[in-house]
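> Given the structure of chain A, go ahead and fit chain B onto it with the hints provided.
These protein sequence lines map, in sequence, to chains A and B.
Residue 110 in the working numbering sits at position 110 of the first sequence, with consecutive numbering throughout.
Residue 1214 in the working numbering sits at position 214 of the second sequence, with consecutive numbering throughout.
FYI, nobody ran anything at the bench for these hints, they're computed from the structure.
Glycine included, every Cβ here is placed at the ideal spot set by N, Cα and C.
Honestly, I wouldn't trust all of these hints.
If you anchor each label on the Cβ, the simulated ranges turn out as follows [said to hold, decoys possible]:
| no. | chain 1 | residue 1 | chain 2 | residue 2 | range |
| --- | --- | --- | --- | --- | --- |
| 1 | B | Arg1221 | A | Leu108 | 47 to 55 Å |
| 2 | B | Ala1296 | A | Leu113 | 38 to 46 Å |
| 3 | B | Ala1288 | A | Gly14 | 46 to 54 Å |
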Amino acid sequence: MTAPAWVALALLGGGAALARFLLDAALAERVAGPFPAGTLAVNLSGSILLGVVAGAALHGVALTIVASGGLGSYTTFSTWMFESHRLGEAGRASLLWLNVGLSLLAGLAALSLGHWLGGAL
Amino acid sequence: MSILPGEALKLTLYFGEHDRHRGRFLSEAVLDLFERRRLAIGILLRGAEGFGAGRRLQTDRLLSLSEDLPLVAVAVDSRERIEAAVPELVETAGDGLLTLERARFAGGDHQPEHEPHEEVKLTVYTGRRERLGRVPAHVGVVAALHRQGVAGATVLLGVDGMATGRRLRARFFAGNAAVPAMTIAVGERERIAAAMDELNGLLERPVATLEAIRVCRRDGRALARPRALADSDAAGLGVWTKLMVYCSERSEHRGHALHLELIRRLRAEGAAGATALRGVWGYHGDHAPHGDRLLALRRHVPIVVPIVDTPSRCERWFEIAAELTGETGLLTSETVPALRIGGPGGHSEGGLRLAGPLP
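Only chain B is shown next, with the shape it has when bound in the complex:
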């Protein structure tokens, strides 16, 4: 299907590999739903480590804790089409955490330079089989972002999803050549605009979204705090904050792997959940783009950790994330205008109606 530039909504569902819906895996049910409704973008990501509300720690480091890894499903389309899919998804998703975020499909009148804030999150969707000259498309995209001085970029490879309109699933023996990939970049508006110009020349029909963010820490420098928000807007609709930590498998805090220490601290302090997603290629700050190297035992891939909670609780998670990114890494904050936690003890103040755009 063709994607029109303009206002869009990004739906994200955080759940687990073991979760089921009517006798089948929830991941399959959710991706089928995305496909059946022909949503413009649908992608399923598998986390490396994480925990959810009332859920135990899951990690791919220990064999016995790796059979139920965290999953993240993302769908993007126009507001009408996403909102039309929400009731069915809520019925399907059981007790997963579901968020809706405002985004814009880049193109036409919707260019990075028109974004209201100085910093922008750009997400570029490509197929893994797609190529830019002699390199995979996502490697070419990251190179362009790096050339334009964008603060950081991470390529997350989907295990299932719809890229360029077709459902492509990673299978054990299929070579996984055609699974979709998403490249998340964060940086100053002007630099993102310059990178977008370059991408328009490189990719045949780039599929990209723009979102408003705030860069809070970069390479040890404190730049800003998350927006001070009440837990609901003027109309009483809930508002949430999403913190994102971008680092690498090699980033450390006092001798501990940064992302593992972050997950451990958040879990110990009672956070509702956090998921570490391992990228395949990317960079942050002054590093050159990197990924794993052949014959090197030590991994060198980028890591992204999203944390979603109420603005008041996120103040505490921000302190922890800021302490751990004291020397390296990128820490950003975003506003989440709708959220739902299902299951016992779950809540969804304001349902999944979007809280008003904040000034």
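Chain A with its partners taken away, still in its complex shape:
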């Protein structure tokens, strides 16, 4: 990793965190129901993009910057867990398991879709 690569990693990571926050907040406010749709949308879109990157066979420093820096800070495992826990606190057990299950299954499907798209590029 060269100095410009570190800078690119930091910039892309910061920008991606910002994009995640804005998209999540905008969606969550529109949906306004108990289901954390904003975080799901962020994680699924991030999975598609990572699939594209992997499918397009990006490698080396470019892969580190885009995958670890960008998509790593865009998607969020801890928020997924946090909001699932909050659903449990509120006694919404079915929504808790829907959030956990749907994120897993749809996440894998999104990654496959992205991989196929990336390969077709």
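Chain B in isolation, oriented as in the chain A frame:
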């Protein structure tokens, strides 16, 4: 400072965690103002979910919507001292919603049995470090209220404020042991009086206020409607209604959490604002006092949702609240004699002069 029994005024400011005043947080500016003016009681509460005029939904359920939670600052003192603080507070508060309500400090000639209406709201202020025997003071207060058959009680824990004369702020690493707490109880005058007698024997110097309220629904029973009021009094001063819903984190309406459904419906129908405050201990109706339990994932704390608007608009919010409390919960109404909404589109008919006492 010592608190004398008698007529008092309760000031409430509804705003947001992000609101600023001259480069600092409004919450700090407001609590500093309370402290500087040595108001008898000052307390800052953080809401769990809510929205304000033109403001987006804020909730602690979703991480990205939880950085600007609703805040409620309450101060109580004599009418003169509160009215003297109002102009400075209005200048500081920007576009928050500010209300003034009549209250009485309990003690001397001002006892619950002298209250004009059959139902009374009693608010008891304690410090969280204060203890009653082996339990925190607020738990002992709730136990006494429950023993005397008072309809409901909710303990709200402050994040900043003045309890027993000293400014105590909840800090991340400070253990938060000394923050003030307010216990709000609603019930029949005689039962509140009996509870007050018991509290006088338990607490060294109980600090409590009495307010007139009307219980509209309790545990699914329809008891009354809010007072039918014109939007202004005979002298043209504005009058407002405050509805309060008391329920628990576990209360449901058709499979939805009652307080979340209430906030959602009010927001969808265009209400000016509503805030859900999460208590730490309490009960309503026939339940035993409850709070969160160690190692239990599901929360079990009480919730209070105040809704303030003009009497005519509150008719609609009452229909919604009455529908949602159709099976459980407590719904009360109060009269607010002065209110101000700042900012663009804000109004304050009659300024913050109190509308006359209503018959």
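> Would you mind marking each hint as holding or not holding in the structure?
Here's how the hints hold up against the structure:
1. B:Arg1221 to A:Leu108: 47 to 55 Å: For arginine 1221 of chain B and leucine 108 of chain A the Cβ distance comes to about 51 Å; the hint holds.
2. B:Ala1296 to A:Leu113: 38 to 46 Å: 40 Å, holds
3. B:Ala1288 to A:Gly14: 46 to 54 Å: Because 51 Å falls inside the window, the suggested range holds.
In terms of the numbered hints stated before, the structure departs from none.
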